[in-house]
Amino acid sequence: MASSHFLLLVLLLSVFSVSAGVFVSLDCGSSEAYTDHETSIDWLGDADYVANGESYVVQSNNSISHVMDTLRVFTTRIKNCFLIDEIEKGGKVLIRASFYYGNYDGKSNPPSFALQFDGNHWASVTTMSDQLVYYETIYVVKGDYLTVCLAQTEENQFPFISALEIRGLDSTMYSHVDDNHALFLRRRVAFGSNKTIRNTDDPYDRIWTPGSGNLIETLTSDATTIDTSHGDQPPQQVLQNAISTNNSLNIISWNMNFLPIDNVIYMNMYFSEVTQLDVNQTRSFRIFQDNESISDPILPPYEDFIQMYVSNLTVSPSTIFSVVRTTNSTLPPLINALEIFTIGNALTDGTNTQDVETLISLQKEFEVLQGWIGDPCLPSPFTYDWINCSSSDPPRITALYLSKFNLSGSLPDFSSMDALETIDLSNNDLDGPIPDFFGTLPNLKELNLANNKFSGPVPASLSNKNGLTIDTSGNSDLCSSSDESCQNNDSSSPGNDQPSTGSTKNNNNKKKNNLPIILGTTILTFLLVWAIAGIFIFYTTKTKGLLHLLLIQGKLVEAEPLL
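In mature numbering (1 follows the signal peptide of the UniProt record, and there is no 0), the protein residues as written are -20 to -1, 1 to 543.
Hints in this document: simulated from the structure, not taken from any laboratory.
All of these numbers come straight from a predicted model, not from anything done at the bench.
Among the hints, a few may not be true.
Here are the simulated DSBU-like pairs of lysine-lysine, each with C-alpha atoms no more than 35 Å apart in a straight line [stated by the list, open to error]:
no. : residue 1 : residue 2
1   : K344      : K425
2   : K425      : K384
3   : K344      : K122
4   : K344      : K69
5   : K344      : K445
6   : K122      : K69
7   : K87       : K384
8   : K344      : K384
9   : K384      : K445
10  : K344      : K433
11  : K433      : K445
12  : K425      : K445
Using C-beta positions, here's what the derived DEER-type ranges look like [claimed, not checked]:
no. : residue 1 : residue 2 : range
13  : T204      : K87       : 45 to 55 Å
14  : D159      : S35       : 30 to 40 Å
15  : T189      : E426      : 53 to 63 Å
16  : S341      : S441      : 18 to 28 Å
17  : V259      : S45       : 43 to 53 Å
18  : D22       : N194      : 37 to 47 Å
19  : A440      : A27       : 44 to 54 Å
20  : E426      : G389      : 15 to 25 Å
21  : H46       : N308      : 52 to 62 Å
22  : V259      : Q111      : 46 to 56 Å
23  : P297      : Q111      : 16 to 26 Å
24  : E272      : N41       : 46 to 56 Å
25  : D22       : L311      : 36 to 46 Å
26  : S92       : S45       : 16 to 26 Å
Cβ coordinates follow ideal geometry from the N, Cα and C atoms, glycine included.
Work out the full structure, taking the sequences as your base and the hints as a guide.
Here's what the structure looks like:
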């Protein structure tokens, strides 16, 4: 029993380590792999993770870092996606997408566009001419891969991306929010720090920006080690600095005016004492939202930390949070670090699984379709360019528009996409018989197969289907199912795609018509054999000692010699 418990523990640790071990850094638009020695991050080019887009370089006088010097720009398709398959299903991840315009196109016109993940809306990106902007989300992955997509929302404003980073998190982190909701970072501040803190100081590579304020005093911890192994695991570097007040009000406060509208938030506040207090010293404070206390008295520990969080709290841009000293405290309040997230809507389960799996099989059959990845229908209205979807939950694929896609060969069976109402496969090089499964699609109303190389008859399941409009023009090898020669061709061996000419009424007539030919041939053969035998016998009767040949039941047999 002990060994089985050990095996279970190993398996659980393996799952956690796979999730937390993900560390992917893509320098978008770059084709090289290199190490950033300042952060010790190994960067990869992005070509293996995306199927579309063009690489550009920012203007040299606008360079801010090696990573931000290149970018990938998408000038075609409504939606373009990156696929990261180094993910464990159910793993918790942090994704960061960075954008630096750098006037790469010389137009001084930084674009706006939509940012998405796994079929969910993430952000409306507004880029800037000379400043880096980035967006970060934390969520639990529902599949065994994740996608990050950019979608065009304005004419002639082409989406681009400079860097994409995926970091696995421990499953216990940021667990005070339901797993079916994503967190979107709004602020992450290391108070009292004089530099940005990230990898390697933070093994999860969260970016902590320096923070201070008016009438604020900066404190530095004299603790050599601080336990950070619990809660959301802030790095020690973040807890080694803090801010406090040097005013009579003894209040540290911050507002939420960076939020344009009311939002539901998740907020972490981290508190760690900076020195070992004397017995007659006390540092105690409460957290207030506007004028209302939302916490018990907090006494920050030395060489450790307390994490105070609020979750699912609705705030407005005018909301103010404060750290206020209690009446019995001899020291002013302090705070080391702060994280503020907005909480997203429930994560989607994606387009109907049956439709997605069948669509993938169709994409495997035709290489030209393989560049489209990500959820085919979501988020609405950003579908693949060549499909339509229903508004149901989950959405169903209702139309395929694949005219002039250079498709060739025969069609695979995609009858399980049974919500299809329109299929347009015109102007391709598809061949072989028209599949019978089209006739089994219960909602199909329009089928366009014009200008291909289909052969044989149109299946009766289609020609007899009520309410269906079908176009098969421009397929020279098609024939009518009422044509007997078309039926013969349809039942012939594979590879004989050319229909015969002429017509007959049915197969019974064909057998009766062939009977006189068979009978005549048999009689003629019989008479010919007898004629040859007679000549041979006549010749052998003039030659003594030769054998007498008799024809018995159509066979030549040896008989006794004549005396």
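Evaluation of the provided hints:
Of the pairs offered as hints, the one joining K344 and K425 holds, with about 26 Å between alpha carbons and a cut-off of 35 Å not exceeded. The hinted pair formed by K425 and K384 meets the criterion: a straight-line CA distance of about 21 Å does not exceed 35 Å. Our distance criterion of 35 Å between C-alpha atoms is met by K344 and K122, whose separation comes to about 23 Å. For the proposed pair K344 and K69, the alpha carbon gap of about 23 Å is at most 35 Å, so the pair holds.
Distance restraint check for K344 and K445: the Cα-Cα separation of roughly 29 Å lies within the 35 Å cut-off, and the hinted pair is therefore satisfied. A threshold of 35 Å between alpha carbons decides the hint, and for K122 with K69 the separation of about 6 Å falls inside it, so the pair holds. A threshold of 35 Å between alpha carbons decides the hint, and for K87 with K384 the separation of about 34 Å falls inside it, so the pair holds. For the hint pairing K344 with K384, the CA-to-CA distance comes to about 18 Å; that is within 35 Å, so the pair holds.
Taking the CA atoms of K384 and K445, the gap is about 26 Å. The hint holds against a cut of 35 Å. Of the supplied pair hints, the one linking K344 and K433 holds, its CA atoms being roughly 21 Å apart against a limit of 35 Å. For the hint pairing K433 with K445, the CA-to-CA distance comes to about 22 Å; that is within 35 Å, so the pair holds. The suggested pairing of K425 with K445 holds, with an alpha-carbon distance near 9 Å, which does not exceed 35 Å.
In this structure the hint that T204 and K87 lie 45 to 55 Å apart at CB holds, the actual value being about 53 Å. Taking 30 to 40 Å as the suggested C-beta distance range, the pair D159 and S35 conforms, at roughly 37 Å. At about 55 Å, the beta-carbon gap between T189 and E426 stays in the expected band of 53 to 63 Å. In this structure, S341 and S441 meet the distance hint of 18 to 28 Å, their C-beta atoms being roughly 22 Å apart.
Judged by the Cβ atoms, the range 43 to 53 Å given for V259 and S45 holds: they are separated by roughly 50 Å. Our hint of 37 to 47 Å for D22 and N194 holds, since their Cβ atoms are close to 41 Å apart. At roughly 49 Å, the beta-carbon separation of A440 and A27 lies within the given 44 to 54 Å, and the hint holds. Here the CB-CB span from E426 to G389 is close to 23 Å, well matched to the stated 15 to 25 Å.
Distance hint check for H46 and N308: the Cβ-Cβ separation is about 53 Å, which falls inside the suggested range of 52 to 62 Å. The hinted range of 46 to 56 Å is satisfied by V259 and Q111, whose Cβ atoms lie roughly 50 Å apart. One distance hint, 16 to 26 Å for the beta-carbon pair P297 and Q111, holds here, with the actual separation near 22 Å. E272 and N41 have their C-beta atoms about 52 Å apart, which keeps the hinted 46 to 56 Å range intact.
At about 44 Å, the CB distance of D22 to L311 agrees with the hint of 36 to 46 Å. Taken as a hint, the range 16 to 26 Å holds for the pair S92 and S45, whose Cβ atoms sit roughly 23 Å apart.
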